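Trainee: So the sequence lines, in the order shown, correspond to chains A and B.
Residue 339 in the numbering used here sits at position 339 of the first sequence, and the numbers go up by one each step.
Residue 174 in the numbering used here sits at position 174 of the second sequence, and the numbers go up by one each step.
If you're looking for bench data, these hints aren't it; they were derived computationally from the structure.
Where hints are given, some of them may not hold.
[Said to hold, decoys possible] With the C-beta cut set under 7 Å, the calculated list includes, among others, these residues of chain A facing chain B:
1) Phe167
2) Glu168
3) Ser169
4) Pro170
5) Pro211
6) Trp268
7) Arg269
8) Ile270
9) Asp273
10) Met296
[As the list claims (entries may be wrong)] Non-contacting residues of chain A with respect to chain B, defined by C-beta distances greater than 12 Å in every case (computed):
11) Lys106
12) Lys179
13) Ser313
[Stated by the list, open to error] For lysine-lysine, the following DSSO-like pairs were computed, each having C-alpha atoms within a straight-line distance of at most 27 Å:
14) B:Lys34 <-> A:Lys300
15) A:Lys83 <-> A:Lys157
16) A:Lys157 <-> B:Lys37
17) A:Lys310 <-> B:Lys277
18) B:Lys46 <-> A:Lys85
19) B:Lys46 <-> B:Lys193
20) A:Lys157 <-> B:Lys193
21) B:Lys128 <-> B:Lys38
22) B:Lys277 <-> B:Lys306
23) B:Lys277 <-> A:Lys277
24) B:Lys89 <-> A:Lys89
25) A:Lys83 <-> B:Lys85
26) A:Lys7 <-> A:Lys227
27) B:Lys179 <-> B:Lys83
28) A:Lys179 <-> B:Lys85
29) A:Lys7 <-> A:Lys46
30) A:Lys157 <-> B:Lys277
31) B:Lys157 <-> A:Lys37
32) A:Lys277 <-> B:Lys310
The structure displayed is predicted, hence computed values, not measured ones.
The beta-carbon is built from N, C-alpha and C at its ideal position, and this holds for glycine as well.
2 protein chains.
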Amino acid sequence: MNDTFLKACRGEAVPYTPVWIMRQAGRYLKQYQKIRKKVDFLTLCKTPELAAEVTIQPIDALGVDAAILFSDILIPVEAMGMKLKFLEKKGPVLTPPVRNETALKKLSVPQPETDMGFVMETIKILRKELATRVPLIGFSGAPFTTATYMIEGGTSKNFLHTKRMIFESPALYASLMSKVTTTVLEYLKAQIKAGAQAVQLFDTWAGIFSPLDYREYVFPYVREVIKSLKSWQAAENIRVPVIYFVGSCSGLLEEMRTCGADVIGIDWRINIDDAIKRLDSDLSVQGNLDPCALFMPKEKIQYRVKDILKRASSARGHIFNLGHGVLPETSAENVASMVEMVHSFSR
Amino acid sequence: MNDTFLKACRGEAVPYTPVWIMRQAGRYLKQYQKIRKKVDFLTLCKTPELAAEVTIQPIDALGVDAAILFSDILIPVEAMGMKLKFLEKKGPVLTPPVRNETALKKLSVPQPETDMGFVMETIKILRKELATRVPLIGFSGAPFTTATYMIEGGTSKNFLHTKRMIFESPALYASLMSKVTTTVLEYLKAQIKAGAQAVQLFDTWAGIFSPLDYREYVFPYVREVIKSLKSWQAAENIRVPVIYFVGSCSGLLEEMRTCGADVIGIDWRINIDDAIKRLDSDLSVQGNLDPCALFMPKEKIQYRVKDILKRASSARGHIFNLGHGVLPETSAENVASMVEMVHSFSR
Chain A
1 MNDTFLKACR GEAVPYTPVW IMRQAGRYLK QYQKIRKKVD FLTLCKTPEL
51 AAEVTIQPID ALGVDAAILF SDILIPVEAM GMKLKFLEKK GPVLTPPVRN
101 ETALKKLSVP QPETDMGFVM ETIKILRKEL ATRVPLIGFS GAPFTTATYM
151 IEGGTSKNFL HTKRMIFESP ALYASLMSKV TTTVLEYLKA QIKAGAQAVQ
201 LFDTWAGIFS PLDYREYVFP YVREVIKSLK SWQAAENIRV PVIYFVGSCS
251 GLLEEMRTCG ADVIGIDWRI NIDDAIKRLD SDLSVQGNLD PCALFMPKEK
301 IQYRVKDILK RASSARGHIF NLGHGVLPET SAENVASMVE MVHSFSR
Chain B
1 MNDTFLKACR GEAVPYTPVW IMRQAGRYLK QYQKIRKKVD FLTLCKTPEL
51 AAEVTIQPID ALGVDAAILF SDILIPVEAM GMKLKFLEKK GPVLTPPVRN
101 ETALKKLSVP QPETDMGFVM ETIKILRKEL ATRVPLIGFS GAPFTTATYM
151 IEGGTSKNFL HTKRMIFESP ALYASLMSKV TTTVLEYLKA QIKAGAQAVQ
201 LFDTWAGIFS PLDYREYVFP YVREVIKSLK SWQAAENIRV PVIYFVGSCS
251 GLLEEMRTCG ADVIGIDWRI NIDDAIKRLD SDLSVQGNLD PCALFMPKEK
301 IQYRVKDILK RASSARGHIF NLGHGVLPET SAENVASMVE MVHSFSR
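Next comes chain A alone, as it looks inside the complex (with noise of 0.2 Å):
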């Protein structure tokens, strides 16, 4: 097995670069769209064959060094007992949104290999089949970025709903987090024993809040999930790399530095290398071009990978990405020039 990726999370020694992209099993590829007319955003995320088999198109298609379960960081909010929709232009609508007790006490801490099967069922799938090629990422979001979900009803602009819970009601959204917290962790657990081989939390949206909020109202809760995590690994003497990304992280890293990951996921809006001096720890990133970039022409693409490998040498360990997810419009001829180019370059 290719495990350039596994080792440049622990930070070992690599022949080149290890690269893999957010939302690579996506709209923006062909193969991707096919399986998309013949069945819906959930049933495709339900549907174990289903989901390992878009799980796999990047692989053959980009050359990545690893895979990522397809699935939708909503799906343990649906477990959790929230009704979920996805909507054409809208995206994900979920009702009713948590904003009192009464809503709160309906929903509960789900059993992931009962409420979630379909999720291990994928990863069991997806490990007999990637065996010989590469290692297998899992994924949750971040206790945060999950709760902002149930408290707006889906997506926002600038998160009244879940800023004025937090600053309102401290003690409602101290019970949400707990819930989502235990839910968030023992996800993970489940997606480990089923044969996850890197997990990695997703906090999209924690980057709408000053460094103070973000230390009392958000970080708490994902160390709490990473140090579980960790200690329950060390007693059962499991090494699965935890990588833990923060959408528009700059004014937070330092904040962000003792949160026990192997790895921090870094977005575009700052150059990487400073993003690794503030981390200022024994810490790999993973990182971090701006996926409009794509757009560009290939001499400039190649410009700027080359400008992040020689940013991000410093680190003990790095793993190109885009610094969020790849776009729906971006060409995949493109994805995969970016991805041969990080292997070159590097090499």
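Assemble chain B onto chain A, guided by the hints.
Mentor: Chain B only, in chain A's frame:
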């Protein structure tokens, strides 16, 4: 006249920290809503007596140390020749979006005094009415942020059209920016001639870029505006401070510091003392309370106000402000208390 604001802009000693609030003339004030019931938003912008009235409302209601012209950053875009509408839930809509040479050619650089005469008229009224009270701040969108609205045809989520133009058609982008830059420069000169005592350039959306792209595609244009404005001022023997505000600036501070402004506006996603350190130059700063913090109980607002005042004490000058515009749902009473806290804690 209360000149604490102007003194802080220039880094001179002040008896207390001056404060004003982005979007302080707005929907969170009942007085403002009363006038908006009678006229729509654009009519309000274009009726000097009414625009002056709402500009003064927060001076009476809150006791802030500066007034900011009531207007909209899209006024010069309409004057360039685009059709502008404000839809109730959607926000501004500009037609047709500027995405090719043909659309660009239809736009001209406006003559501020004739094409946006109502703005200069409003400023003249305000200078008379505010004469013994507080200074008046004029403003414009910075060139890049103004251009995003023109390219996207309104607001946007990921600014894909803008980034595609920049990355796929850099020459088209450069021609657009040349027109916008001249427009912004002439508009600010006209505001200063009419009586604006400081001006703020809003680069609300510049934070969508990596430092590399900010340096290449955003910064040169805003620096050109500020440098030209400063040379013109020197020739005319005028001395009007320039404030440069970037939303989500935390990854870009090192790039921004040589922009030529007197004051850098900081959003809330970074500790203001870290921002001051990273700016590493002789500039005043403005900011940076999270607008959502105004939903907290007063003791908690107090704690944050004190924290920001303390952190900002290392700057040559500090103007207290929110890190973004005040939200319509905010309690006007909390805003007024915050202003009072800034004054009393900093004395």
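Trainee: Does each hint fit the structure? Answer for all of them.
Mentor: A quick look at each hint next to the structure:
Contact between Phe167 (chain A) and chain B, as hinted, is supported at the beta carbon level, the nearest pair being about 4 Å apart and thus within 7 Å. Hint on Glu168 (chain A) holds. Least Cβ distance to chain B is approximately 6 Å, under the 7 Å limit. Evaluation of the Ser169 (chain A) hint against chain B yields a violated restraint, the C-beta minimum of about 10 Å exceeding 7 Å. With 7 Å as the threshold, the beta carbon of Pro170 (chain A) stays out of range of chain B, its nearest partner Cβ sitting at about 9 Å, so the hint is violated.
Taking 7 Å as the C-beta cut-off, the interface hint given for Pro211 (chain A) holds, the closest approach to chain B being about 5 Å. For Trp268 (chain A), the interface hint holds, the least distance from its beta-carbon to any beta-carbon of chain B being 5 Å, beneath 7 Å. Given the 7 Å rule on beta carbons, the hint for Arg269 (chain A) holds: about 4 Å separates it from the nearest Cβ of chain B. Annotation: interface hint on Ile270 (chain A) holds; nearest CB of chain B at approximately 4 Å, less than 7 Å.
At about 10 Å, the closest approach between the beta carbon of Asp273 (chain A) and any beta carbon in chain B exceeds 7 Å, and the interface hint on this residue is violated. Given the 7 Å rule on beta carbons, the hint for Met296 (chain A) holds: about 4 Å separates it from the nearest Cβ of chain B. With a least beta-carbon separation of about 25 Å from chain B, Lys106 (chain A) lies farther than 12 Å from that chain, consistent with its non-interface assignment. With a least beta-carbon separation of about 23 Å from chain B, Lys179 (chain A) lies farther than 12 Å from that chain, consistent with its non-interface assignment.
The non-interface label for Ser313 (chain A) is consistent with chain B: the shortest C-beta to C-beta separation is roughly 17 Å, beyond 12 Å. About 53 Å separates the Cα atoms of Lys34 (chain B) and Lys300 (chain A), which puts this hinted pair outside 27 Å; it is violated. This hinted pair checks out: Lys83 (chain A) and Lys157 (chain A) have alpha carbons roughly 21 Å apart, not beyond 27 Å. Of the pairs offered as hints, the one joining Lys157 (chain A) and Lys37 (chain B) holds, with about 26 Å between alpha carbons and a cut-off of 27 Å not exceeded.
Taken as a hint, the Lys310 (chain A) and Lys277 (chain B) pair is honoured in the structure, with Cα atoms around 26 Å apart against an allowance of 27 Å. Simply put, Lys46 (chain B) and Lys85 (chain A) have alpha-carbon atoms about 43 Å apart, too far for the 27 Å limit, and the pair is violated. Restraint check for Lys46 (chain B) and Lys193 (chain B): the C-alpha separation of about 19 Å stays at or below 27 Å, so the hint holds. The straight-line distance between the Cα atoms of Lys157 (chain A) and Lys193 (chain B) is roughly 37 Å, outside the 27 Å bound, and the hint therefore fails.
Straight-line distance between C-alpha atoms of Lys128 (chain B) and Lys38 (chain B) comes to about 25 Å, which keeps the hinted pair within the 27 Å bound. Between Lys277 (chain B) and Lys306 (chain B) the alpha-carbon distance is near 19 Å, which keeps this suggested pair within the 27 Å criterion. For the hint linking Lys277 (chain B) to Lys277 (chain A), the alpha-carbon distance of about 15 Å falls within 27 Å, and the restraint holds. Straight-line distance between C-alpha atoms of Lys89 (chain B) and Lys89 (chain A) comes to about 16 Å, which keeps the hinted pair within the 27 Å bound.
With a C-alpha separation of about 36 Å, the suggested pairing of Lys83 (chain A) with Lys85 (chain B) is violated against the 27 Å cut-off. Note on Lys7 (chain A) and Lys227 (chain A): the hinted pairing holds, with a Cα-Cα distance of about 21 Å set against a maximum of 27 Å. Restraint check for Lys179 (chain B) and Lys83 (chain B): the C-alpha separation of about 17 Å stays at or below 27 Å, so the hint holds. In summary, the hint linking Lys179 (chain A) to Lys85 (chain B) is not supported, as the alpha carbons are separated by about 45 Å, beyond the 27 Å threshold.
For the proposed pair Lys7 (chain A) and Lys46 (chain A), the alpha carbon gap of about 31 Å is over 27 Å, so the pair is violated. Using a Cα cut-off of 27 Å, the hinted pair Lys157 (chain A) and Lys277 (chain B) is violated, with the two alpha carbons roughly 30 Å apart. A hinted pair counts as satisfied when its Cα atoms are at most 27 Å apart, and Lys157 (chain B) with Lys37 (chain A) qualifies at roughly 26 Å. Pair hint Lys277 (chain A) plus Lys310 (chain B) holds up; C-alpha atoms about 26 Å apart against a cutoff of 27 Å.
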